[in-house]
Structure formats: C-alpha cells, structure tokens
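Undergrad: Assemble the whole structure, with the sequences as input and the hints as a guide.
From first to last, the protein sequence lines stand for chains A and B. As numbered in the numbering used here, residues 1 to 314 make up the first sequence, in order. As numbered in the numbering used here, residues 1 to 356 make up the second sequence, in order.
Here are the simulated DSSO-like pairs of lysine-lysine, each with C-alpha atoms no more than 27 Å apart in a straight line:
#1 A:K78 with B:K293
#2 B:K268 with A:K99
#3 B:K293 with A:K99
#4 B:K293 with A:K82
#5 A:K274 with B:K223
#6 B:K290 with A:K274
#7 B:K76 with B:K305
#8 B:K265 with A:K108
#9 A:K78 with B:K290
#10 A:K108 with B:K76
#11 A:K78 with B:K223
#12 B:K261 with A:K108
#13 A:K99 with B:K265
#14 B:K323 with B:K152
#15 A:K274 with B:K76
#16 A:K274 with B:K293
#17 B:K76 with B:K268
#18 A:K99 with B:K261
#19 B:K76 with B:K261
What the hints contain is simulated information worked out from the structure, not anything from laboratory work. Computed from a predicted structure; not experimentally measured.
Read off the chains here:
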Amino acid sequence: MANEQADEVTSPASERTTQPAAPPAERRTPRRRASLLIDDLPTDRGSKLRRLGLRLVSIAIFFVAWWVVTRFELIDPKFIPKPGLVWDRFQQSIHTETKGTADFPIVKDGIQNYFLWQHWWASMQRLLWGLLWSVVIGVPFGLLLSTVRWFRLLFEPYLDFLRALPPLAYFSLLILWFGIGDTSKIWLLFLAGLAPIALSIVSGTRGIPRDRVLAAQALGASRLQTIRHLVLPSVLPDFFNGLRLAVGFILTTIVAAETTAGLPGIGGLAWVSKKTGNGDTVILCIFVIGATALVLDGLVKALDRKLVPWRGRG
Amino acid sequence: MTTNRLRRPLAAVAVFVALTALVAGCGSSDSDGGKASDTTTKDASGGATKAIDAPDKITIAYQAIPNGDLIVKQQKLLEKALPDTKIDWKLFDSGGAVNEAVTSGDIDFGLAGSSPVSRGLSQAIPYKVVWIHDVIGDAESLAVRSDITSIKDLVGKTIATPFASTAHYSLLAALNDAGVDPTKVNIIDSEPDDIYAAWSAGDIDGAYVWNPNLAKIKADGGKVLITSAELAEKGDTTYDLGVVATKFADQYPDVVNAWVKAQDKAVKLLNDDPDTAAEIIGAELEIDTKDAKDQIGDLIFVSAKDQAGTDYLGGALATNLEKAAKFNQEQGEIEKVADAKAYVDGVDAGPAKAAG
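TA: Have a look at this one:
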C-alpha cells in the first residue's frame, strides 16, 4: 500500500514538469522569494494606511473619470449611463414605490418587485450551496485522483471534459433533469466550482517533495497517516488557491444560472434588465457582483492567512 | 508542532463548511417563508367563488412582454380570485425555456410565442393553448438600411433575428413569400438588445426584431420593409400564447377558468384604458409609461368572447400552428410535424367561452 502511494505522489518526471507551480528549487530558498511578494511587505500601521489611501484614490479616479466621460458625452450616452442614473436606480432598488389610480393601485418593491438585498441574498444562497458542494465533493475527489491510480485513469478525463464546457451549453439539460427551481442552479454552480477545487488538490498533492513522503514512510507512517499528517497540510495552500478560483468561477456563472426563473437574484436582475434595455440597472448589478467578488475573495484570503501561516515557507 | 499545524486548519475548514451549510440552509427557508405570507392576506372581491378546487400553489412562467399577463401579475388579479393559493411567478427568457420547463413538469401556466408552441405541440409537450395574450401586429418588423428597397435585395446581406422566436419565423415567411432562398441571406442569431448594438456599430444590414429595440433601430435610421401585421394579412399571423399543462388543466378546470377570466379583465383594461394599463406594465418592465404605451399600441388584444370564435381559439389558431410546424420543418427548424389532431387538441377554446 505505502509503496504504491509513494509511487503515485512522486511519479513520472513528465508529470512533474507539467506542474510548474512549485518547482523544488524555489522551495529550498523560500525567504528570497517571499520578500518579493506583496503580502509580505511590512505591515505596520503607517504602511497599512498608505495602502488603504492608494486604494481609495484609485476608486475616486474611476468615479471622476466616469462622471467626466458621461458629463461631457465623450462617449455616446447610449453606451455608458450617467452615474446619477445608476444612483437613482440604487435608490429605487431599496424603496417601495406607490403610484397608479384608486381602482388600479401600483405598489412595487425595489426593482422587479424585490429589494436589492433580496436579489443579492438569493444569489448568495445559490453561490454558497454551490461552493459548499464543490468543496464537499471536490476535495475527496481531488485526493482520490492524486493518490489512487485506477481512480485517476477512470475519472480524470471526465473532469477535463466537464471543465472545458461552457455552462450555458448544458444548463438546459440541467433544467430538464432538475427543474427550474434552485436545484438546477446549484448543480450548475457546483459543476463550475468542482474542477478548480479538485485540480488544486491534485496539484498540491503532486507538489509534495518525494523525500518527505519517503521520510514519513521510513518512520512507519501508514497510508492514511501519510495523507492526514503530510498530504493534507501540504495541500492547504493549493486548496485555498482553488477556493479563490472556484468563488470566481461560480460568480461568473451566476448570470447564466439565473437566466431562467432567476428572480429574485442579482444575475437574473442583470439579465432581465439587459433584455428590457435598462442599462443603468445592469451597471448597478455589475457593481454589486463585483463588490461581492472582492469581499468574498478578501474573506478567503483572510482565512488563508489565518490557517496557512506557513505558506511560502514550506 | 505537526499535529498542531494540522488540527487547527482542519478544524477551521470543518467549521467553515458547517457555517456555509448553516447560513445557506437558514436562508433558503427564510426566503420561502417571507414570500408565502403575501397571498393569504388578500381578500377576494367576490367571496362566493370560494368553492373552487385549487392546489396550494400554482407556478406561472411569465415573460417581459407588454401584454395583459403583466397586468394580471402586477394587480394580483389571480391572487384575488384564488385567495387560498400561493401564486409563484417565474420570469422566463424565451418560449423555448418555457417548453423545457413544462416538459420537466415545473410550471402550470406559461407564456410562449406561437412559433415555440407550434414546435412544442409537434414534440408532444403535454400542454394546451387556452389564451391568446396578443396578436403580434407592428410590434415585430423587419427594419433595414435605407439602400435596401425590397425583400429581394436581401440576398447576400446580413440580417439578425433571435432564433426560434416568432420574429425568426416571420423573417423566413417573408423571404418565402418573396421567393428568396433563405440560405442566400446571411441570417444570424442574436438577442434583441445585442441586435441593436450590432446595428449601431454598422455590423448588420437589417433585423427582424421587436420593441423596444425595433423602435431604437427605427429611430437610428432603420427603414421598415415588412411588419408582422402585413404578414398576418397573408396568413402568417404570429401570436403570444397562454399555455397550461394538460395534467393541471384536467385536474383543476375551475382554476383554468379563473385564470382566463383574470386575463380577460386585463385585456379589457388594455383596450378601455390604455393609459392606466401602460402605467402598470411600465412599472413591471421598469420603463417609462410613454414607452410602455407605444409598445402596447403595436400589439392587438382580443377579448375572451372574440377569442372563443372561429377566428382565434375556436378554429384558426390550430390551423395556424400546424402551418407553422410544416413551415418550420421545411426550413429544417424541426424534425417532424405531428398529426393534424395534435394541433386541434392542443388548442382549447372552452375556458375562453366560459369567461366570455
């Protein structure tokens, strides 16, 4: 058993060359490499403030440029809505509007009858479920792929096939199988997140230096012990990279998942607004999706820093 | 050291997974509960109609098309008629998506164009037409660059239209009527708003499309070559249709009648008070009342009484759907045409008769 695993983990040289992520040479000189990384810049108070200031300036420049371009109509206003219009849409999206006549009163919550946060939360639930399933299935799947030879021979082609498919191509099949409710959407998001998670585990496992595995086995570690005490901790940095990629993939798939019966949903709102020609609502949705992406990515990065303090020093 | 290194992250990953599950789980029950309370508090205007045998929940597939369906939704006409039933409105993107959803058994009522419905009946999708939401008049037209003066000039030109839509059908019918081989025209598939973008960029020579993008193209120098209203005079009428899953209609005939009655009320408002109707539809589509009114004006709305007659549900529609299926087959859009009976059985004028 143990021999077979050692074989797998450190196996053919040709495979190692396809994994340029962690060449052994760099692993031996981590300090020099680490000093080049942004994350390892000094983190005293002053520099933190400077970084924050730089970010705020960058955002301010963006909004001023947007305002100037639309104010002086440097680009046809058909193509870029004014910031004021997007702001009006935002106001509309968080208020209830009442109009109409006594016989036919019109009462409307937000945009498309839902408040902005209802759209956002509906999408977040789908995203979290999709992500949860990609982790629950993707991690063991990736471990099996990288440690069990016959499993890899059987299933790796399917994973490669799946991750090359554009989601819209098979979404209508998912609707036929799982209906128009959240099940088919969560399936789509799960499939979008599965490949990055599973492949990150595979790449992490293959990047473990051969001598470590041999050392563990020489000390009498069983296969399970090797996985638990060597493979899992070594794989964590790659897992977090995979998690960040998966969050990104799932977010880019949200609009596709919400093209059918996607209200409430921020992607569904963007889609229907595009179709009815409400460009300002589309921009609003883009901001919300983009901000969500930044926050989620920040969360995963923070979790990564907390849980993998040895990143880059392995 | 090693065990410490491992335990902490593993535990934290487990906590993360558990939290995600918890958060997602709480949320899904939360949103269901939040929306369910809406319908139970509404009072029916006529309390006497309580005896209707209705399910706990009805799922309706609607589309962003300016017709009576949006008035029924916005004014909660069906919720008022069926106070004990939760009405779940799902926004759909195209008639093709509605066909899929009926096949998967997820929706009870749906809105789809006559072209998708004709395809659906050819494939024996278990639904039937009980309502005509609108007859497509000038709302869909072929707009082209000003140097193109006849349909024959389209040979070698690039024309955009959303594939598998009523507009696509009308474009092929117009070419057919003029004796132009469709394979000689470069017909490309695109979403209406993308079609307008392509028009602005000068990438296409024309488009068969509907409002609001048709209006934008016209305002941007597009010249109308033929409209769906003109094609209708030649017998190639296109409609937006209301379908109901056959199983549902058999089980809850009273609900179908109530639904048709609600639609008929909306049609009455559209024809009697288009300003109010436009305001309601504008609110649903998130567009100006004026734009909504212009769009409504290009569609024709028919009362339940008239729909029950032989010009519509009572006869002509079944013939139209069969003809559309045959035409779609000739064009290679569908594989086979069903027996004539499938289209006759696929249209039911009964509920319209009862409401009219």
